[in-house]
Amino acid sequence: MFDKFRQIQSRLEGAPHLLRLGRLFSETVLVVVDGDEFYLSFEKGRLLSVVNGPSRKTPWCFALRTDAEALEEFWKARPEPGFHDIFGLVKIGRGRIDGDILTLVKNLRFFKEVMALPRTAEEAVA
Amino acid sequence: MSIEPITGRYMTVEVAGTPHRIYFEEAGQGRPVLCLHTAGADTRQWRHLMNDAEITASNRLIAFDMPWHGKSLPPEGFETEEYLLTTEAYIETVLAVIDGLGLERPVLAGCSMGGRIALQLAALHADRFSGFIAIEASDFQPAWYDIDWFHRPDAHGGEMGAALVSANISPYAPQAERWNTLWMFMQSGPGVFRGDLSFYTRDESLIPRLGQIDTSRAPVHIIVGAYDLTCTPEDAERTASAIPGATLAVMDELGHFPMSEHPEGFRPFFIEALGRMPSASAVAA
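Chain order of the listed sequences is U and G. Following my numbering, the numbering of the first sequence begins with 1 at its first residue and continues without gaps. Following my numbering, the numbering of the second sequence begins with 1 at its first residue and continues without gaps.
Excised from the complex, chain U in its bound form:
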């Protein structure tokens, strides 16, 4: 899973439109996968660091909690219904979002597209 977040980090560097969309986003996001914590620290749209938890000292803005199987389906080019969106994961009971939801919603397009970066262009069938 750590490799996936590293992949997001490198692909984000190659996505100028996302860096532009996220230019006001400087927050730490907690992603919990099967109980394992990952702290994604963004600075002006760049993903500066991904740090493994657990940590009681790292403040975070909002959190997405899900499981590896759900993320694997989410990262397919054409996920099954419900797995195609982070809010879909919540709706089908495979994810939970908490913390400062308003900050997430204000940056929703940016964060959703960042999380979907492992969907490769080759896989993304038109």
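No lab work stands behind these hints: they were computed from the structure. Note that the coordinates shown come from a computational prediction; the quantities given were computed from them, not determined experimentally. For glycine and all other residues, C-beta sits at the position ideal for the given N, C-alpha and C.
Some residues of chain G that are not near chain U, with every Cβ distance over 10 Å (derived):
#1 I3
#2 R60
#3 E76
#4 Y83
#5 I91
#6 E92
#7 P190
#8 R267
One-sided and incomplete, this derived list gives chain U residues near chain G with beta-carbon spacing under 7 Å:
#9 R78
#10 P81
#11 H84
#12 D85
#13 F87
#14 G88
#15 K91
#16 V105
#17 K106
#18 L108
#19 R109
DEER-style ranges, computed between Cβ atoms:
#20 A155/G - Q7/U: 25 to 31 Å
#21 G8/G - Q7/U: 44 to 50 Å
#22 S26/U - G245/G: 53 to 59 Å
Given the structure of chain U, go ahead and fit chain G onto it with the hints provided.
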């Protein structure tokens, strides 16, 4: 260069005693089919079907922008008004457009909140229509989000709304149409999506009316996409089962905006739905 067959004009009708300047488009000839857009969007959602020569050869497709949407203006004095759509105002608007255009028992095709009001009209004013195609339509769902997110002074409601509703678009949708669909939400006027969602997520009045819909007078066909998180296939199935004689089609590869997000995928389902509606000659008889 190409010029599309769709033509657009304006009409002024009274709703709740107030004049409203409404933009409408049409294409085709024959049986009138009045098309209603979703919340937070406008008539452009229907453009693919209105440009479909096979469909418009025998159907006169008409779509209009609800007041506050698209090219229809909000009413005079809107600057101090909180826009909150109601079932009553929505019904009055649809009937005023039908009267204004002189439509004789059109088929009513509505998507999302347009599908919801189509079912309300099936219950309350069935005599004014020949049939109902209710797309992504159901009895009621409460919001799974906070509708106040979409009207704030410190954020762009349109961009937030588009980012949220993208959850309802199928991964099978072509990228260009996915983004054309989202663009309409991005363009939506301040507070308009919120005001539509107020109607869609808070008004439960359709639930007790479903049983009184008489599909022997005017058929009801419900269509739902599997990737619709807002009106799920389960929501549509529950609704169809509460309407005696209603029929249902589930689209495995489509979402909440099928005519807009994936026109080719939706086309056969719409043609099938039109086939279930009475012909123009049957309506005239």
